[in-house]
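Chains as they are written, first to last, in this note's numbering: chain A, 0 to 353; chain B, -8 to 165.
Keep in mind the hints are simulated off the structure, nothing from the lab.
Glycine is no exception: its CB is placed at the ideal position from the N, C-alpha and C atoms.
Careful, some of the hints might be misleading.
Each computed DSSO-like pair below joins lysine-lysine, with the alpha-carbon atoms no more than 27 Å apart [claimed, not checked]: (1) B:K72 with B:K48; (2) B:K121 with A:K177; (3) A:K177 with B:K113; (4) B:K124 with B:K113; (5) B:K148 with B:K90; (6) B:K114 with A:K177; (7) A:K177 with B:K124.
Covered by chain B, per the in silico footprint, the following chain A stretches (three or more residues, Cβ under 8 Å) [what the hints assert, rightly or not]: (8) 175 to 182; (9) 237 to 249; (10) 259 to 267; (11) 332 to 341.
Just the calculated beta-carbon pair ranges, DEER-fashion [said to hold, decoys possible]: (12) A:L82 with B:I0: 20 to 26 Å; (13) A:F20 with B:L71: 53 to 59 Å; (14) A:A145 with B:S19: 54 to 60 Å.
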Amino acid sequence: MVKYILTGVCLGVGGALLSYFGNPASSGICVSCFMKNAAGALGLHGDIRMQYLRPELIGFVLGAFIAAYINKDLRSVSAGTFLLRFFVGIVLIIGCAVFIGCPIKMIIRMAAGDLTALVGLAGLLAGVFIGLKFIEGGFRVGSPDAVPQAGAYLIPLLMGLLLLFLLIKPSFISFSIKGAGAQHAPICLSLFIGLLIGALAQRTKFCITAGLARLFLWGPRDVPGCPTSAGMLVSIGTFLLSALITLSATGQFSLGLHGQPSSNESYGWAFLAMLAVGFGSMLIRGCPFRQLVMAGSGDNDAGGAVLGMLAGAAIVQNWVLGGSASGTPYNAKIGVLVGLVFLFTIGLLGRERS
Amino acid sequence: MDWLDRTSIIAIACLVTAAFVVTFLHRSDGAPTETPKTASRAPTSNLQLSEIKNQEKKIRNLMESQSLEQAERLAMKMILKYPDNGEPYMLLGDIYLRKQDVMKALNRYRDAVDRNPDYLDKKTPLFQGKKLKSVILEGLSELEKKVNSSDDDELGKDRKLIYYLQRRIAGACG
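Work out the full structure, taking the sequences as your base and the hints as a guide.
Below is the structure:
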């Protein structure tokens, strides 16, 4: 149980400190925002305000890799669903972009007093519920089999390369001088927190959607009887609590519905967007953060999800599929609806029927 | 075909219908089919920039000498000539503020910020975050006064404007 509490505390305190020391407000940790920044730095989109190779993202994968390697848990596995996870990864980022945050950022926003994040939580819970029904109804992504061990090193190597680019700053990698991409905590702090969280998340298999799913699977009364379920929920709870305390102590807490950073008044679309994120996460066995950790631990299919999220981040910026302070643009609404149609379709087609 | 299949098919049909409805509503609102990307506007040429700077000086001088009507006319002409540049809107906002019309000023500031997010970015020389925050506070106190007297529609619009600017400032680096 200690490791679960430690994971939650590191996430909460780390997320709050990162925004205190330079990351955008309420975005101390956000997989979707960081993916958009990374895509911009790599030249996959042209938004000059969103270009930075976030060390936190690199840290999550490398931290998980190091923890898996040390504990002899690094296994190259694949269930042959690389392409499926790639496309679901795109849908996850579209959903996160419309909500203006991934499930991790949703918790941080809630801890910062942003009441609009509760709409996202409701959507996420609904999506997790729907995904569970498909899994109970026979949806399978196949069981992971061992594949050549070289596959386990690909995503960690990619992240290592990005770390090198971040440090030496070659001319073909862009770095914003203004806007959200220019707001970042010191590299050492970001990398340290990323590595720590990645390692702990690898050991505890931390995942927000999996934790919430266990509430539906076990019910609130029986959850304490299952150590893993209880541990996951304790992680989420301590994450929220420690973020709340740290954000309050650093003057970043402001309770209210209006004037919150990374929010808008498109509550219906925020709900649907997080429903897509919850649903998609259940189908591919993990939220966006969990995909990074699994990819660092050797899961080749999760690597597909990570690359899909990167591609999705580029698509979101190029096609204006994300929400903003003014609301949800038309393209983003269609993106969410098409994403949901895609998820229901693959849910239907992926069911094993006797 | 079990209940999950039936529910999924109904959900897909509803989602596709929703997409058509959203598209229909979007087109009937008269909105452009392409969503403008504010980050990739065509850059203003150096000649245009120097002309804008000269006009800005003239307008500021007129404001100092209390010739607000003339300043407003000049600012309006600038908007017609440079509709995508934020500076004319920022100037017009300052003029309305001098005229004590806070809500009109906030509307122009919104237009300026939408065209150039640098006004909310502390790392740029155009940063105006502190001024905008204080004008928003003035707008909020005006809203409170209006609660009993104004009609709901106007109040709703003013409130939305203030909340929007508050969100923009909260999410910016400033």
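Consistency of the hints with the structure:
1. Straight-line distance between C-alpha atoms of B:K72 and B:K48 comes to about 17 Å, which keeps the hinted pair within the 27 Å bound.
2. At roughly 17 Å between alpha-carbon atoms, B:K121 and A:K177 fall within 27 Å of each other, so this suggested pair holds.
3. Restraint check for A:K177 and B:K113: satisfied, since their Cα atoms lie roughly 8 Å apart, inside the 27 Å limit.
4. A threshold of 27 Å between alpha carbons decides the hint, and for B:K124 with B:K113 the separation of about 13 Å falls inside it, so the pair holds.
5. A distance of roughly 21 Å separates the Cα atoms of B:K148 and B:K90; the hinted pair therefore holds under the 27 Å criterion.
6. Distance hint between B:K114 and A:K177 is fulfilled; the C-alpha atoms sit about 6 Å from each other, no more than 27 Å.
7. Annotation: proposed proximity of A:K177 to B:K124 holds, straight-line Cα distance about 20 Å (limit 27 Å).
8. A count of 6 residues in the stretch 175 to 182 of chain A with a Cβ less than 8 Å from any Cβ of chain B is obtained; the coverage claim is therefore met, three being the minimum.
9. Residues of the stretch 237 to 249 of chain A lying with their CB closer than 8 Å to a CB of chain B number 0, which falls below the three-residue condition for coverage.
10. Counting residues of the stretch 259 to 267 of chain A whose beta carbon lies closer than 8 Å to any beta carbon of chain B gives 6, which meets the minimum of three for the stated coverage.
11. Check on the stretch 332 to 341 of chain A: 6 of its residues sit with their Cβ under 8 Å from a Cβ of chain B, so the three-residue criterion for coverage holds.
12. The hint said 20 to 26 Å for the Cβ distance between A:L82 and B:I0, and at roughly 24 Å that hint holds.
13. At about 45 Å, the CB distance of A:F20 to B:L71 disagrees with the hint of 53 to 59 Å.
14. A beta carbon spacing of about 56 Å between A:A145 and B:S19 agrees with the range 54 to 60 Å that was offered as a hint.
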